[in-house]
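Novice: Protein chains in written order, with my numbering: chain U, 1 to 155; chain W, 1 to 155.
These aren't lab readings, by the way, just hints derived from the structure by calculation. Note that the structure is predicted; figures quoted are calculated from it, not measured. For glycine and all other residues, C-beta sits at the position ideal for the given N, C-alpha and C. Some hints here could point you the wrong way.
Said to hold, decoys possible - Chain U stretches covered by chain W per the calculated footprint, using a threshold of three residues with CB under 8 Å from any CB of chain W:
id : segment
1  : 36–46
2  : 67–78
3  : 114–124
As a plain string of letters, each chain reads:
Number of protein chains: 2
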Amino acid sequence: MTLPDIFFRLASRADLPSIVRMLADDDLGSQRERYEDPLPEAYYSAFGQIDSDPNHELIVAERNGEVIGTLHLMFLPSVSFQGGRRAQIESVRVDKRFQSQGIGSEMMKWSMERARQRGAHVVQLTTHKTRLDAQRFYERLGFKGSHLGMKFSLK
Amino acid sequence: MTLPDIFFRLASRADLPSIVRMLADDDLGSQRERYEDPLPEAYYSAFGQIDSDPNHELIVAERNGEVIGTLHLMFLPSVSFQGGRRAQIESVRVDKRFQSQGIGSEMMKWSMERARQRGAHVVQLTTHKTRLDAQRFYERLGFKGSHLGMKFSLK
Chain U
1 MTLPDIFFRL
11 ASRADLPSIV
21 RMLADDDLGS
31 QRERYEDPLP
41 EAYYSAFGQI
51 DSDPNHELIV
61 AERNGEVIGT
71 LHLMFLPSVS
81 FQGGRRAQIE
91 SVRVDKRFQS
101 QGIGSEMMKW
111 SMERARQRGA
121 HVVQLTTHKT
131 RLDAQRFYER
141 LGFKGSHLGM
151 KFSLK
Chain W
1 MTLPDIFFRL
11 ASRADLPSIV
21 RMLADDDLGS
31 QRERYEDPLP
41 EAYYSAFGQI
51 DSDPNHELIV
61 AERNGEVIGT
71 LHLMFLPSVS
81 FQGGRRAQIE
91 SVRVDKRFQS
101 QGIGSEMMKW
111 SMERARQRGA
121 HVVQLTTHKT
131 RLDAQRFYER
141 LGFKGSHLGM
151 KFSLK
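Extracted from the complex, chain U is given alone in its bound form (with noise of 0.2 Å):
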């Protein structure tokens, strides 16, 4: 689980902060998360289903023992695609200080790794149109916009 001067590994409990952190640096992330100190407790409930659940790995990217980037993997099950699991990654973020430097390059090629050899077919993800950034950065690892992604609040 290593490449140059950065190591990937689950998450635990203790990492919640700054993966919270990272989540909440950012134009869409800061209208949606409370970055607290303590944090919000479900915050911890979601992680423990998390880390309970062997079809998610929430990831973080450690480089000189400081976490710096995170992800969360998925495994999806599905009839689709003749009962073809998925692998779908969401919540990926860099450290805003440590961006441009092919941190979040290294972490999804780890991640497409990763799906392989757990036996995926397909990654998938999706953006917010408003990230074009992150769309050019997909298309660079090899990712083809083919759908459209779309949402319904419940709330």
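Knowing the structure of chain U, use the given hints to seat chain W on it.
Specialist: This is chain W only, laid out in the frame that chain U set:
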């Protein structure tokens, strides 16, 4: 779990041939499914994984004892959105013989209510950019096409 003359329930193993028939009976689906008798074992294996996971609900719509529609509703724990649970819908199909009768709309409304009951804050799905009718259908139900859905094939 009833609506005027349509009944919704969790799919059983015995429903798989009907489900795969509907998945395959479609421009895109015909290229990727194998509707054969007997069905390839991979479909049953995937069904087993879905059926044993409480975060996955493979649903069939039934009318007069006949399966006329299917969708896969999944609940995804997430750290994002203050640890908010997402609902995701995949593999939506209505039997071609019974399309344009409002069945798909009833299936979606049932699923959105189910997602609300199970505490999801959002229902999300992606639809291929070429499925313009599907996009209009989801927009009529209140979905917003705010995201780009990107895929990377591992095959």
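Novice: Broken hints, numbered, in rising order?
Specialist: none
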